[in-house]
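Novice: Take a look at the letters that make up each chain.
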Amino acid sequence: MDELLDYDEAMALFDPVLGLEVHVELNTASKMFCGCANHFGAEPNSNTCPVCLGLPGALPAVNATAIESAIRIGLSLNCDIATWCRFARKNYFYPDMTKDFQTSQYDEPLCFEGHVDVEVDGRTFRIAVERAHMEEDAGKLVHAGASGRIHGADYSLVDYNRAGTPLIEIVTKPVRGTGSMAPQVAKAYVAALRDTMRALGVSDVKMEQGSLRCDANVSLMPKGSDVLGTRTETKNVNSLRSIEAALTYEIRRQAAILACGGRVKQETRMWHEEGYTTAGRSKEEAEDYRYFPEPDLVPVAPSREWVEQLRSTLPENPAAKRVRLAAEWGMTEREFGDVLAADALDLIEATVAAGASPASARKWWLGELARVANAEGVELAAVGLTPAQVAEVQGLVDGGVVNDKLARQVIEGVLAGEGSPAEVVERRGLKVVSDDGALSAAVDAAIAADPDAAAKIRDGKVAAAGALIGSVMKAMRGQADAGRVRELILEKLS
Amino acid sequence: MSAEILRATASELGERIARRELTAVEVTTAFLDQIERVDDDVKAFLHVDRAWSLDQARVVDARLDAGEKLGPLAGVPIAVKDIFCTQGVPTTCGSKILEGWLPPYNATVIDRVRNAGLVMIGKANMDEFAMGSSTENSAFQVTGNPWDLERIPGGSGGGSSAALASFQAPLALGTDTGGSIRQPAAVTATVGVKPTYGGTSRYGVIAMASSLDQPGPCARTVLDAALLHEVICGHDPMDSTSIDAPVPAVVDAARSGDVRGLRIGVVKELGGNGYAPGVEQRFREALDVLKAQGAEIVEVSCPHFKYALGAYYLIMPSEVSSNLARFDAMRYGLRVGDDGVNTVEDVMRLTRGAGFGDEVKRRIIIGTYALSSGYYDAYYGSAQKVRRLIAEDFDAAFTQVDVLVSPSTPTTAFKQGERTADPLAMYMSDLCTIPSNMAGNASASFPCGLAPEDGLPVGFQVMAPVLADDRLYRVGAALERGLEASWGGSLLDHLADSDAGAYLGVRTDVATPPLAEPVEASDAREI
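Chains as they are written, first to last, in this note's numbering: chain C, 1 to 494; chain X, 1 to 527.
Derived by calculation from the structure, the hints in this document are not laboratory data. Take these hints with a grain of salt, some might be off.
Not the full set, but computed from the structure, chain C residues with beta-carbon under 10 angstroms of chain X [stated by the list, open to error]:
#, residue
1, TYR7
2, LEU53
3, THR98
4, TYR291
5, GLY460
6, LYS461
7, ALA463
8, GLU487
In the SDA-like style, the derived pairs of lysine to any residue whose C-alpha atoms are separated by at most 20 angstroms in a straight line are [to be verified]:
#, chain 1, residue 1, chain 2, residue 2
9, X, LYS361, C, THR28
10, C, LYS90, X, GLY257
11, C, LYS140, X, ILE366
12, C, LYS90, X, TRP52
13, C, LYS140, X, THR343
14, C, LYS140, X, LYS361
We put the CB at the ideal spot given by N, CA and C, even for glycine.
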């Protein structure tokens, strides 16, 4: 195992410098350079054609929607958008590369010179974005054998469904001045990118599925120095939590080496969820990718009119939106924090837009629906109820048609595919009985069945009404308005 | 009957098939029989399949019999350079590395040819991955020049040119990266046209150098080339570099041949030292023919053309090194050393070592070097600047003249084996043709006579501005009309009726009168 220096000790000696490379898979209907479906989870090698298989003679044609998404991303990151730029070929041999070169961008990125502001513990950090460029993803290797890794595999299989998926690579400039907060700043930055991509609707941004990936570079400078140290690049960081943990680990590992007068080796490190990194490919013999302008594609030259038109389609900045909604909804900091933690902001916003109150929307999404999502092991947004349906359920409660307990059965019915909330109420006969005739008879029966309780109420011990209400509700199989039942009991026994 | 079909032009055959005087099956059968008769000697084809071709012919006949209106070339056979992907039909690109590969899709040009009712009669030999000027770099066979089977038919499209000149096909498809359509046309007395870059789709054409490659028509007459040009050209969304503009009116131009008032610029730099005297003589005589028809001849200087060959041999191999990377044994084609012990990298290395020929390896090595970090600016970068200067030379010249002309190639067909040991001598074959690939403008080679010293064909190159491909045909038709009047028939008619061409078996009753005795070259120079 690696020697690690205590984090606080490391921070007393060194200043970390970060460099973050984030890959975002776009959720366009088709791939970057061909008409194949861009879809996660299909049968291996089913979404392929001569172009994304790189067959002899096949040629790429750019997906205009991918360019549009890239420009919108660039604008959201406060980047300049190139008036003219080209794709470039990055040449290297690997079995997951169908052409043995990746069509990417090199010295002419589509988006450049931007920035993202992130807040950590009340401090704002401005992360300078060097570039956001377009490229295609490679296929996916599956190594068969005990290890599941390339070394020691019995054989390897390649799935080219992912080959040609449009990617945007967002690269920061070196991030200095974060001090001991570096890992948290990195995490906050990637979270901010994720929120931005989600608000733009350009990507699924699921780190666990690889539609958002982060390579985290870090180096250490002795305190007071401004000479950059040797960096490592940590890959396989598949969650926000891992970014923070992996960087903390790398800082402690490098600090331990440097503190003993050693040299950090420039290399790729692989993060393991168990909480450590291991050496990957050494970068000392830097591979020569022999970049040159892609001759099969014409330059991309977005007109200024188009760029401005796209700028007008940008959604509200996610950070600004959070501040606004917290105020509008009148939630406490803690309540709002729970909403963010549950990833329910957009769902509640949509539910409120459909007519529910913020409090009731929050109650459903963080209560019953969170419970169902958890039990099913799905994300909240995928639970099976739309914000409009949640608002409809709440409408039924507010209108006295059902009570909270019945509303849960309505939700259960909707999730079981029995139709809209109103249809479920109808089919399951869940309506609250507000017909005084039927209720009155049930109350009379309950009073007759429990003379002791009735006597206590007559004597002014109103608390005894609870028992009678309970038996009425039972007799009505829950389909009664408990408030009305109480009123009737007190009326009859006054 | 058979010889008459084989000697007919594509446009004549198309008309007779359309009138149902001939069927596509009859015509296809005649050419398949000719292939059987002469291709053991000529070796123009890599793949011929009677059933495949006759099935296509039968479909065309059925469509015509049903009253369907197909194009003017419906039912006419065509030889296809083996660089075009043909679905389910072997496509080797002249390389061992693709032996046995059956493409799952058709090139756009192939789809267009099929939709127009042409009948593919075979896949024609070529230099491996179109790298060469003699077709000697084919991994499979060496093609002979029908004028003298011991000489080269040009390259890389030597199979296509030899098929035309030996009456094995009336039309052929070629690709031209540095002259691979025009130089073979020049040395076989056929017509070869490189359309404006982006005029023809490259989709499904196995790439050599993407920024230079251009498919085009090969034929025995100017009109036939124009008819084929019209079939295969036009915008294709599958090729991003394809130009979204109407195809120039090439057929009208080929029918008119009107050069009155046309300003023709002779490129000063493409001639002189290194050019065979007979080549220069026939070139000048052709200028006189054009002048006699009303064209104005002026001399024009293109000072950067002399750097074209050097810059080409940096840009082309750079693109080659990247385009040919995909032949890695992982997905298709040859696989060597897959023994369960070798690593993936070993298998890639062994396959590429065994599957590529020397010239392909040479260009991959040169290109890899030229793109390497630290050398990129000096080699690839400088070559791109030269490329820009060549395009500017063309732009400047086309402000003074309507077309530029030169010999198509400095010499006539050389002997097989003569230049195989000397790559630089081989590369010189494309000295005149390369500038148009670098600039992307349209260019063509037309027959202009037989060199007096060796009796072999000489090509006349015409270069036109981007998207002015029609001017090529205007000049070509004027030349053809003027020269054939003095020759009493085409040069290929003379070959067919001569003793040297007796092996072709296509003599007709009406013998072509012998060519006038070649005039002694007046200012013979050292080659």
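Novice: If a hint holds in the structure, say so; if it doesn't, say that too.
Specialist: A quick look at each hint next to the structure:
no., hint, in the structure
1, TYR7, "violated (38 angstroms)"
2, LEU53, "holds (7 angstroms)"
3, THR98, "holds (7 angstroms)"
4, TYR291, "holds (8 angstroms)"
5, GLY460, "violated (87 angstroms)"
6, LYS461, "violated (85 angstroms)"
7, ALA463, "violated (80 angstroms)"
8, GLU487, "violated (73 angstroms)"
9, X:LYS361 / C:THR28, "violated (39 angstroms)"
10, C:LYS90 / X:GLY257, "violated (48 angstroms)"
11, C:LYS140 / X:ILE366, "violated (32 angstroms)"
12, C:LYS90 / X:TRP52, "violated (41 angstroms)"
13, C:LYS140 / X:THR343, "holds (18 angstroms)"
14, C:LYS140 / X:LYS361, "violated (30 angstroms)"
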